[in-house]
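Fit chain B to the given chain A structure using the hints.
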Amino acid sequence: MPTETVQPGKASLLYDPKIRGYVYQAALLAVVGFLLYSAASNAITNLRAQKIASGFGFWHNAAGFDVNQKLIPFSASGSTYGEAFYVGLLNTLLVASIGIVLSTFLGFFVGVARLSSNWVLSKLAMIYVEVIRNLPLLLQLFFWYNAVLKPLPNPRQSIDLHFFGLGWPSPLLTGLMAIAAGLAWLLYKSSDRLANSDRDRGLVKLVSGVVLTVATVIWLVYSGILHVVSSGFLLNNRGLYLPDPQLGPGGSLIVWTFLIGIVASIIFRVWARKQQEATGKQYPVGWIALGLIVVLPFFVYLVTGRPVSFIYPEIAGFNLRGGIQIFPEFVALLLGLTTYTAGFIAEVVRAGILAVSKGQTEAANALGLRAGPTLKLVVIPQAMRVIIPPLTSNYLNLTKNSSLAVAIGYPDLVQVFTGTVLNQTGQAVEVVAITMAVYLTISLVTSFFMNIYNKRMALVER
Amino acid sequence: MKKAVTSALVLASLALGAGVAQAQTGLLPQVKARGVVTCGTSPGLAGFAMPDAQGNYTGIDVDLCRALAAAIFNDPQKVKFVPLSSKDRFTALQAGEVDLLSRTTTWTLSRDTSLGLNFAGINYFDGQGFMVRKKLGVDSALKLAGASVCVAQGTTTELNLADFFRANKMKYEVVAFGSGDETIKAYESGRCDAFTTDSSGLYAERLKLQIPTDHIVLPEIISKEPLGPVVRHGDDNWLDIVKWTHNAMVNAEELGITKANVDEMLKSENPEIKRFVGTEGKFGEPMGLSNDWAYRIVKLVGNYGEVFEKNVGASSPLKIARGQNALWTKGGLQYAPPIR
Numbered sequence: 001m002p003t004e005t006v007q008p009g010k011a012s013l014l015y016d017p018k019i020r021g022y023v024y025q026a027a028l029l030a031v032v033g034f035l036l037y038s039a040a041s042n043a044i045t046n047l048r049a050q051k052i053a054s055g056f057g058f059w060h061n062a063a064g065f066d067v068n069q070k071l072i073p074f075s076a077s078g079s080t081y082g083e084a085f086y087v088g089l090l091n092t093l094l095v096a097s098i099g100i101v102l103s104t105f106l107g108f109f110v111g112v113a114r115l116s117s118n119w120v121l122s123k124l125a126m127i128y129v130e131v132i133r134n135l136p137l138l139l140q141l142f143f144w145y146n147a148v149l150k151p152l153p154n155p156r157q158s159i160d161l162h163f164f165g166l167g168w169p170s171p172l173l174t175g176l177m178a179i180a181a182g183l184a185w186l187l188y189k190s191s192d193r194l195a196n197s198d199r200d201r202g203l204v205k206l207v208s209g210v211v212l213t214v215a216t217v218i219w220l221v222y223s224g225i226l227h228v229v230s231s232g233f234l235l236n237n238r239g240l241y242l243p244d245p246q247l248g249p250g251g252s253l254i255v256w257t258f259l260i261g262i263v264a265s266i267i268f269r270v271w272a273r274k275q276q277e278a279t280g281k282q283y284p285v286g287w288i289a290l291g292l293i294v295v296l297p298f299f300v301y302l303v304t305g306r307p308v309s310f311i312y313p314e315i316a317g318f319n320l321r322g323g324i325q326i327f328p329e330f331v332a333l334l335l336g337l338t339t340y341t342a343g344f345i346a347e348v349v350r351a352g353i354l355a356v357s358k359g360q361t362e363a364a365n366a367l368g369l370r371a372g373p374t375l376k377l378v379v380i381p382q383a384m385r386v387i388i389p390p391l392t393s394n395y396l397n398l399t400k401n402s403s404l405a406v407a408i409g410y411p412d413l414v415q416v417f418t419g420t421v422l423n424q425t426g427q428a429v430e431v432v433a434i435t436m437a438v439y440l441t442i443s444l445v446t447s448f449f450m451n452i453y454n455k456r457m458a459l460v461e462r
Numbered sequence: 001m002k003k004a005v006t007s008a009l010v011l012a013s014l015a016l017g018a019g020v021a022q023a024q025t026g027l028l029p030q031v032k033a034r035g036v037v038t039c040g041t042s043p044g045l046a047g048f049a050m051p052d053a054q055g056n057y058t059g060i061d062v063d064l065c066r067a068l069a070a071a072i073f074n075d076p077q078k079v080k081f082v083p084l085s086s087k088d089r090f091t092a093l094q095a096g097e098v099d100l101l102s103r104t105t106t107w108t109l110s111r112d113t114s115l116g117l118n119f120a121g122i123n124y125f126d127g128q129g130f131m132v133r134k135k136l137g138v139d140s141a142l143k144l145a146g147a148s149v150c151v152a153q154g155t156t157t158e159l160n161l162a163d164f165f166r167a168n169k170m171k172y173e174v175v176a177f178g179s180g181d182e183t184i185k186a187y188e189s190g191r192c193d194a195f196t197t198d199s200s201g202l203y204a205e206r207l208k209l210q211i212p213t214d215h216i217v218l219p220e221i222i223s224k225e226p227l228g229p230v231v232r233h234g235d236d237n238w239l240d241i242v243k244w245t246h247n248a249m250v251n252a253e254e255l256g257i258t259k260a261n262v263d264e265m266l267k268s269e270n271p272e273i274k275r276f277v278g279t280e281g282k283f284g285e286p287m288g289l290s291n292d293w294a295y296r297i298v299k300l301v302g303n304y305g306e307v308f309e310k311n312v313g314a315s316s317p318l319k320i321a322r323g324q325n326a327l328w329t330k331g332g333l334q335y336a337p338p339i340r
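Chains as they are written, first to last, in the numbering used here: chain A, 1 to 462; chain B, 1 to 340.
This is chain A alone, in the form it adopts within the complex:
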């Protein structure tokens, strides 16, 4: 009887779960790779068989069509399909980036409002979230497009916004500002009665603070603009027309002061925080930033002798000529994307705040922190850890959803590139591949920055 020889090496190699895992992974990878390869080669063979031209030669061919909203020069006579791509891409990035900022603000506001113990406020927020989340975005875009267009007159009967007493100092706007400030003050004062927990009191105070700040900024900015520009704010169904600023000699100084003001504010904020950590002394960062960013450039503007002139829009033929035109398609798309995404962000924010245990608020109170600082320093930073990952998803969704623009005539990447360019050239494979690559890149870049932010906010465990 031969003795059985145990071969531990072989046996463990075959049955080692780790190695088996690797083998399966490699097999799967090979299959996926083979699938991709055969799909690609199949496509190439079929295109050749059908004599469909392929390659990227079309990129430099003359486009021959026009686009209304363009951030870079583009015309039917001289521009190429490649330039059409950039026009579309920039339009997508424009609406997505502004939409992300606005939907974040609106989403936070609604999310916080939904947690308020004020019955009316929280129910209104709930209705908003439920309605917005449950209707298809495309439908909402059609609604907004029609809602934007329908009430507006034709260009010959343009509404002159200046006509409504928005002069400087605008009585209407100042009145509205006073009402907003009064409301915010009342909200702040009655927070004890409106809310029955410390967290809710903090939230009410936060909301009142935001209202007050937003009202102040709008009033300052708008009054400032109206002080400089006497008229030329026209509204009709071709869009909102604004005076187009032209910088005279010394005008660039204002822009530079503005940019330096932003940088200086950031530096000051960092310095102030370090000072506070070291000495406990606090600085009025907000007011100094406002001075640096808004007041100082305005002062420079006055000192340099108002070197800004304006091209005013005026009626010429069918439409207005001159000025900056904000297209109704852009406004409708922005409104649709913002309100839709804000509905989801509101829920993310609510979940984040609810995730912070009540004990944290109680502990902060035990330390003697008031409601406002408790929220700002204890609750929100912990809530952010829960909020950021789903927030990233919502930013990505907003960007991708902007491709629905094609339905309401906004020239985004999908409309210009996979719409018109694809059709004029017939290069379906190339054009779709490029478009997919662009959306993938935008998504990855957004995720990358949000992940960096997430890392900074994440709980540091020892």
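Derived by calculation from the structure, the hints in this document are not laboratory data.
Backbone N, C-alpha and C fix where the C-beta goes; we use that ideal spot for every residue, glycine too.
Mixed in with the good hints, there may be bad ones.
[Claimed, not checked] Distance ranges between label pairs, derived from CB positions: (1) B/Gly55 / A/Ala53: 37 to 43 Å; (2) A/Val432 / B/Lys208: 46 to 52 Å; (3) B/Asn74 / A/Ala43: 56 to 62 Å; (4) A/Phe56 / B/Gly26: 32 to 38 Å; (5) A/Ala62 / B/Lys224: 47 to 53 Å; (6) B/Asn56 / A/Ser447: 46 to 52 Å.
Just chain B now, kept in the frame of chain A:
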């Protein structure tokens, strides 16, 4: 894990198998086996392709597809209509989703030569025009300087529009939409001063407006738009069948063969008519059809003139004059090579 690998392999073999099966057998046997012609049409353009209250498609483009089904199956109902936007039509045809496009598609050099497509004839001679509101007081497209113009994207229309305004040194603002429906809605809401498409389309779309008589079509025709059926490259027999289906309809009108009298024509002694209805010669067989293929077309669908009148002509709401779509014998452009 094992399951995942197996299913991936099954998927792979399916993908490859599909690729192999599609290669080179000719479309006609496939269509016959399938029992139905798949035909890409407009999603809704009155007179050309439009579903009625019962969901039956009607129109001049639709009747071409029905004629094709009549020639192949002796049954004009054996058509599956696939509504396609102007944006999606070529991709759908290239990808084999439809056997042909019969969808107000302009025959241009670049489409014919670089998209892997073949045009099979011209079933409607058209040209691009403009529609405006009457109260605008504009009576010529040359007075549209500075106007906003609504257009459906992905068409030759967009290019002609740019060319026209450039050639006449006029500024304008273009607003492009994904589909014709959204374009006409935007025009109606006042977003644009003018709406542009092929003039047949202008008459058709005008019917969709609330008060059609408030709008006028301007006299200028700014382009040539020969519209016709399109098939994929590489299947000459299928191209012949589509081409000759259209030619048969035009020839029938010229020979005076109508839906009503085609049965009598079977007894005709006129050699041209005999060849047409299949009582003399074998003109269907080389295409893989029966010899009475042209008889079936007229019997079941009608001749070109009948189809024109019924769908877009005097007896339709569009009331478009025959104009250049009249037969060559009557001063028009419709001309078909003889069947012999």
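Verification of the hints:
Look at B/Gly55 against A/Ala53: about 39 Å separates their beta carbons, and that is inside 37 to 43 Å. One distance hint, 46 to 52 Å for the beta-carbon pair A/Val432 and B/Lys208, is violated here, with the actual separation near 31 Å. Separated by about 38 Å at the C-beta atoms, B/Asn74 and A/Ala43 break the suggested range of 56 to 62 Å. The supplied range of 32 to 38 Å is met by A/Phe56 and B/Gly26, whose beta-carbon atoms lie about 33 Å from each other.
A/Ala62 and B/Lys224 have their C-beta atoms about 20 Å apart, which leaves the hinted 47 to 53 Å range violated. Against the hinted window of 46 to 52 Å, the Cβ-Cβ separation of B/Asn56 and A/Ser447 comes to about 50 Å, which satisfies the hint.
When each numbered hint is compared with the structure, violations occur for hints 2, 3, 5.
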